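Student: Spelled out, the chains give:
Number of protein chains: 4
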Amino acid sequence: MKLNKEIIGNHNADLNSRHQTKLQFTASEVANTEAIIEKLMAFQIAIPSWALGTGGTRFGRFPGGGEPRSIEEKIEDVGLLHKLNQSSGAISLHIPWDIPENYQSIKTLAGEHGLAFDAVNSNTFQDQADQKHSYKFGSLQNVNKAIRKQAVDHNIEVIKHGVGLGSKSLTVWLSDGSCFPGQLNFRKAYQNTLESLQEIYAALPSDWKLFLEYKSYEPNFYSTTVADWGQSLSYVQKLGEKASTLVDLGHHLPNANIEQIVALLLMEEKLGGFHFNDSKYGDDDLTAGCVKPYQLFLIFNELVEGMDARGMNHAKDLGWMIDASHNVKDPLEDLLQSVEAIMLAYAQALSVDRKALEKAQEENDVAKAQEILQNAYRTDLRALVAEARLRTNGALNPVELFRKSGVRNELIKERGAVTVATGL
Amino acid sequence: MKLNKEIIGNHNADLNSRHQTKLQFTASEVANTEAIIEKLMAFQIAIPSWALGTGGTRFGRFPGGGEPRSIEEKIEDVGLLHKLNQSSGAISLHIPWDIPENYQSIKTLAGEHGLAFDAVNSNTFQDQADQKHSYKFGSLQNVNKAIRKQAVDHNIEVIKHGVGLGSKSLTVWLSDGSCFPGQLNFRKAYQNTLESLQEIYAALPSDWKLFLEYKSYEPNFYSTTVADWGQSLSYVQKLGEKASTLVDLGHHLPNANIEQIVALLLMEEKLGGFHFNDSKYGDDDLTAGCVKPYQLFLIFNELVEGMDARGMNHAKDLGWMIDASHNVKDPLEDLLQSVEAIMLAYAQALSVDRKALEKAQEENDVAKAQEILQNAYRTDLRALVAEARLRTNGALNPVELFRKSGVRNELIKERGAVTVATGL
Amino acid sequence: MKLNKEIIGNHNADLNSRHQTKLQFTASEVANTEAIIEKLMAFQIAIPSWALGTGGTRFGRFPGGGEPRSIEEKIEDVGLLHKLNQSSGAISLHIPWDIPENYQSIKTLAGEHGLAFDAVNSNTFQDQADQKHSYKFGSLQNVNKAIRKQAVDHNIEVIKHGVGLGSKSLTVWLSDGSCFPGQLNFRKAYQNTLESLQEIYAALPSDWKLFLEYKSYEPNFYSTTVADWGQSLSYVQKLGEKASTLVDLGHHLPNANIEQIVALLLMEEKLGGFHFNDSKYGDDDLTAGCVKPYQLFLIFNELVEGMDARGMNHAKDLGWMIDASHNVKDPLEDLLQSVEAIMLAYAQALSVDRKALEKAQEENDVAKAQEILQNAYRTDLRALVAEARLRTNGALNPVELFRKSGVRNELIKERGAVTVATGL
Amino acid sequence: MKLNKEIIGNHNADLNSRHQTKLQFTASEVANTEAIIEKLMAFQIAIPSWALGTGGTRFGRFPGGGEPRSIEEKIEDVGLLHKLNQSSGAISLHIPWDIPENYQSIKTLAGEHGLAFDAVNSNTFQDQADQKHSYKFGSLQNVNKAIRKQAVDHNIEVIKHGVGLGSKSLTVWLSDGSCFPGQLNFRKAYQNTLESLQEIYAALPSDWKLFLEYKSYEPNFYSTTVADWGQSLSYVQKLGEKASTLVDLGHHLPNANIEQIVALLLMEEKLGGFHFNDSKYGDDDLTAGCVKPYQLFLIFNELVEGMDARGMNHAKDLGWMIDASHNVKDPLEDLLQSVEAIMLAYAQALSVDRKALEKAQEENDVAKAQEILQNAYRTDLRALVAEARLRTNGALNPVELFRKSGVRNELIKERGAVTVATGL
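Line by line, the protein sequences give chains U, L, X and S.
For the first sequence, the positions run 1 to 424 when full-length UniProt numbering is used.
For the second sequence, the positions run 1 to 424 when full-length UniProt numbering is used.
For the third sequence, the positions run 1 to 424 when full-length UniProt numbering is used.
For the fourth sequence, the positions run 1 to 424 when full-length UniProt numbering is used.
By construction, these hints were calculated from the structure, which means they are not laboratory data.
On a predicted model such as this, the values are computed, not experimentally measured, just so you know.
Treat each hint with caution, since some may be false.
[Claimed, not checked] Taking lysine to aspartate or glutamate pairs in the DMTMM-like style, the calculated list, with each CA pair at most 20 Å apart, reads: (1) Lys188/S <-> Glu213/X; (2) Lys168/X <-> Glu213/X; (3) Lys168/U <-> Glu241/U; (4) Lys238/U <-> Glu241/L.
[As the list claims (entries may be wrong)] Listing some non-contacts, in silico: residues in chain S with all C-beta distances to chain U over 12 Å: (5) Asn12; (6) Ser175; (7) Glu199; (8) Met267; (9) Lys280; (10) Asp308; (11) Gly416.
[Stated by the list, open to error] For each label pair, taking beta carbons as the anchor points, the in silico distance ranges come out as: (12) Val418/U <-> Lys160/S: 29 to 37 Å; (13) Gly111/S <-> Asp153/U: 48 to 56 Å; (14) Met307/X <-> Ala315/U: 40 to 48 Å; (15) Lys359/S <-> Gln191/X: 15 to 23 Å; (16) Asp153/U <-> Lys168/L: 47 to 55 Å; (17) Glu410/L <-> Glu363/S: 18 to 26 Å; (18) Glu269/X <-> Asn144/L: 30 to 38 Å.
Yeah, the Cβ is synthetic: ideal placement off N, Cα and C, and Gly gets one too.
Excised from the complex, chain U in its bound form (with noise of 0.2 Å):
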């Protein structure tokens, strides 16, 4: 154990008369704080096991130290994590990059961490070393049906790997699409890869969801097969109840308007769940709220909204992942920093004036509204999050605290400077 109880303890004390004046103060600027604060205490926000690594790009990868081997070393970093901010209690994994070998001893040891398992993950975007058919010309989507069956095999063996350790849903990400014009029949695609869908949806646990993903492009540079919200909504209301689509906020055309997808796929009772993390460029795979940080909270202001007006539970009813790469920071530092952006926009949201909000918008009133939401978002609510943290034992600032606590190079120490965990 990296972090124990009494470090986090101490760690506290010295943080905490500073703390409760803030806390206290912002107790004083937003209504509410109490029922913010419960509701970011019961906010967790899964972490990726692909993450926990440097990541890279096709121009190279720069490995830092001390990352996980294993998928035991793995639960070790996520429970790390959790230990720090009480809000990444989740860890979705991904196959075949963390096959389980026994499903008891792996979820007794996330156990001990405080960790579910989120959403598993299948990978038709590489060849694995003992695949009998390459993915070069698309798995789902595949013109050839052996293809195709191979990789429904391998959904359906990763949603067996999911029933294992008691995750409740599939999230299927496709690479699918073509480089050039001419190389797909784009109708064929779109058919080949709902059948394929159908028949992996008919492999699922009646508990179980079906997250599909889109994307725009990348690492197909003319089209892709499940393209845009618009293309995930169509087959998800195809496939049936247990299917929905799943926003990786990278994965947009330039400008997109991300919070009105959101709202309307909440509309249409098919949104399913988020990859959280932040771009310039395009799938950039930055930490959360780095770059567009008033974006986050758009998007959480109507995730809110429009949970509420259906009555659904924050914090189970949607998928809240993170989806990042790190190729620059140390990845666990990476990580924190994208929950505390996402737990704080998630705040910001919550103590947003709704009613105020609805009346200015029946009147037209838009300078109003703007001063509704950036009040909201001007408000300084950090102390609200690191409230929620210290009631439930995690760290006033785990940044600081993993920092000062030489985890790093704990972990280094035991796992080596040139480990390089799997992921991209």
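Fit chains L, X and S to the known structure of chain U by using the hints.
Tutor: Frame of chain U, contents of chains L, X and S only:
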């Protein structure tokens, strides 16, 4: 009559010898040129009444001369285009810019020019002088029921004008949306819009179609309530069989793969028609094919393949319209260039070796698929388009004849040098 | 006088107690708040005369009421803003929309409102009624020497008006460019533009500056002759010391890193000033900070660092102006919101721990650098901006006071409900 | 030798009759075909050594077979291309992927294939096994002087290899930049980079050129230190006469007008050369002309006009290279298609009626200017490109012959089915 058969006949006589040489050579290079020519002869592209005058931007407008001052003069202008290219046999009217006072006389006039009335267009993006409520905050989406009703009533009035003239479809383009975060509740805006559209749909004659256009942004700069193909599809699926989506090439986010969207809308049986134009940055409303002619070809490639797969009639089963603005060119010359570019792209798509392409796709032979498409595109098929005109008594070179015949000067003499046609 | 000291004083008295609490808390959280407040007090943002009326798009314009009908009323409006926020102490005029008839009386009027005259703006993107030549095909770039001369003469006339009023700079924004491939010879267009600019530059008084704005597109939709920062830099380097580049935040291609451009222009000693606004898609001319407030902060972060590195005076050594359009908000409220957002971003940038940031950069401690920037940004500094207003006799909450005091109604009574101010 | 004169001769004999018919027809349609053919014969496009194997993305790589395993095999592959099209008479090496051990033997081998050595390329975007310092945080920009020195030394070593082989230019592409706001001080990064470039420049032989490439983003996702043409220009102007800018078509923000950039760089006498490819979304590295062939033509239109205006030699005064990645096509077929598309665009640009275009531009006859460009583009000039090949003993249809002759199978037999060439 600015141009008569004799003038056109003389023009063609002068160019015919060279044309025949080129046609023969083309026929020696391309299979089935006769079938292509026949399809070209049947293909008509509607001219929008608002594109006959000089366009402008918010920064200014630099009128040309001889612009049409009335619906009659607009019909005359389209008649002129049609006489030249025999491919512009329809006019698309815009209400209230073109309110017909006497349906019969207008129909007779159009008939004399060989013109039909294509889709009629409503306008709820501007306030009219005598209007009770303002559309400043939207029309069909408006939070105020009375304003929504005014906009619905206007659309029903437009249908009535269309019925009077023999039109069979209504195009609805909504500028509705918002300029600032917080201004709109996206879900309610959607639901208000849907309800309004349902009222309009209910007033649609049984043999009519409703085309719902989408646009990513402008004139609203934060959100648009029918913003992309996915949103338009969501509405028209809820409306019913007579409703379908209209694609304007300039209404997409940067880098969107429009040809894939077209293929999927066709597959969903919800593609209604087109507004052709070209663009580099946004809704630039430039001449069709002037910036991205290969994209235009790729779109027609999907159209030909997709319509044939469903046994559709190329000429009749979709609405083909131009929607462009002419800030620095003579509007009539610009429209002739647009029609030529569209016909050429259609001809190229017709000449694609479909069997070979299908085979290449089935074999994932990407380089071959590219060779097939590029061979069709690089082959000069202008002689086929010209031949289609020749056989229908149009001009071999419409732009050249328009210039030589001095039509614009005649129009300026008749109508004045500083007339400004209604439109944008 | 719509607002007097008493009204403002009463407003401040009502809010002061809460303000003081907030200010004290802020001072306990942030170092050097006094220094920040003093810099905020000195910082003035010029209001463009064309932003005082309701804007519009090519699709329509929905006027508000009480818009200024004359240069005097425009000065009155800016005076009103300045009285409220004490940060709008300058007006930027646009010729020929605001031709002063008697310099002295206008200067006196402005003086009574505490206003200076910032950059004067020429207009060669529209034709004026009495103009000999048209700018349809460009002004300073025009192939016709006589048209170029007309445009040069207009700029020289604008300088004369500016001299009469005590302005010290000329802003040149050119819409010159082309709509279609082939329309322009890019090189000749550049050279004509350079030659024209050199003639204008030669007429510049010795203590004046020339700001050359760039814009990637609109109203020309294929090319723009001063299209990006690189092109503007290329011109102003050839012109000489008094010429520099003006950055309008909305004038970039999608995803451009504007803060880097700003840093490099400062480094090249060729940054002249700013047109502040915000945008999601293009030159949307929205309220500053309404869509991308973090970007605004990052820009100010570069400005503070870069100006300090060169020993520049923040308030005086660059031109700070707003350039926005107000289609759905009250223009005066919108401008108050813009100024507030700019001041806040400036305050946040001033509060960045520069030494710690420099250290993090020297150590490639990327996560730390992010912590430092985000800490400055997430801290609520509105009390500092409010305090700067309070100390200069402005209002603690300008938008609220503007509304409560009923100024707009007074203006409507005085000026009418359907006035339309000159502008876009 | 996979292909000999006899095989090519037989291929040409089979196709020649039809080719001659097409050539004659083309000559009857286009003026000066002989002059065009001669220019095409002289035009050579360098093949990058890293494009001879299958490319990949960060998500995966799907190798083909028979990829070159050594510099010798790369030369053999380029020799093969050149034998087929006689337009690929140069190879561009990448250090350290292609370190020559014996200059003389490599030069001899290249000479046997009729190949020259074009620009040599340095690599400071990846870490090599034996490298002391990491480029994780940049190379020439690095805050650490020792790392900058290592990167400078590497570039100097690359120059030495180039000298040994008879190359005359160094291409510098830097991935240097940052992934997060705050990571870099932009000004210092610029200055470090400039200083490093000056050291490299100082080591340049007197008859060498240095090409500085720019790229808007990737692999850094917040800022790039040589991000656009304006930044590259700013560096090369400070470096001196031997330095110029290299344009890679995929390295721009969405919608950039590349042809204008090319024209202006030529005008500034700072255009050095090209990396040809095509793209839809970003730096997609697709086959030249496969997505936007009209843009490729417009770029060559500027090149021909601009080079002629300065009396430059088309074939020799700029560096012409391909830079592409081949994820789903046979690399050699893809390169043949790229060269064909480039030659065709060049031929089209050569066939533009320059006098008529200049006249149309002088008269602002925009529709006419478009007619002139589109006439050149729509005319099928493939027979001229084929004739240039025929006269230089290349193949009339290189892709077809490559396939029929079974070269790839021979290569697979020789080199194996699972070889992976160095590169991306």
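Student: Could you run down the list of hints and mark each one as holding or not?
Tutor: For each hint, the structure was consulted:
1. Lys188/S <-> Glu213/X: 26 Å, violated
2. Lys168/X <-> Glu213/X: 16 Å, holds
3. Lys168/U <-> Glu241/U: Status holds; Cα separation ~14 Å.
4. Lys238/U <-> Glu241/L: 18 Å, holds
5. Asn12: 27 Å, holds
6. Ser175: 6 Å, violated
7. Glu199: Check passes; 23 Å lies beyond 12 Å.
8. Met267: 29 Å, holds
9. Lys280: For lysine 280/S, whose nearest Cβ neighbour in chain U is about 6 Å away, the distance does not exceed 12 Å, so it is violated.
10. Asp308: At roughly 33 Å from the nearest Cβ of chain U, aspartate 308/S sits farther out than 12 Å, so the non-interface label holds.
11. Gly416: The claim stands: glycine 416/S keeps its Cβ more than 12 Å from every Cβ of chain U (closest is about 17 Å).
12. Val418/U <-> Lys160/S: 29 to 37 Å: 31 Å, holds
13. Gly111/S <-> Asp153/U: 48 to 56 Å: 54 Å, holds
14. Met307/X <-> Ala315/U: 40 to 48 Å: 46 Å, holds
15. Lys359/S <-> Gln191/X: 15 to 23 Å: 19 Å, holds
16. Asp153/U <-> Lys168/L: 47 to 55 Å: With a Cβ separation near 50 Å, aspartate 153/U and lysine 168/L satisfy 47 to 55 Å, so the hint holds.
17. Glu410/L <-> Glu363/S: 18 to 26 Å: 21 Å, holds
18. Glu269/X <-> Asn144/L: 30 to 38 Å: 54 Å, violated
Checked against the numbered hints listed earlier, the structure breaks hints 1, 6, 9 and 18; every other hint is satisfied.
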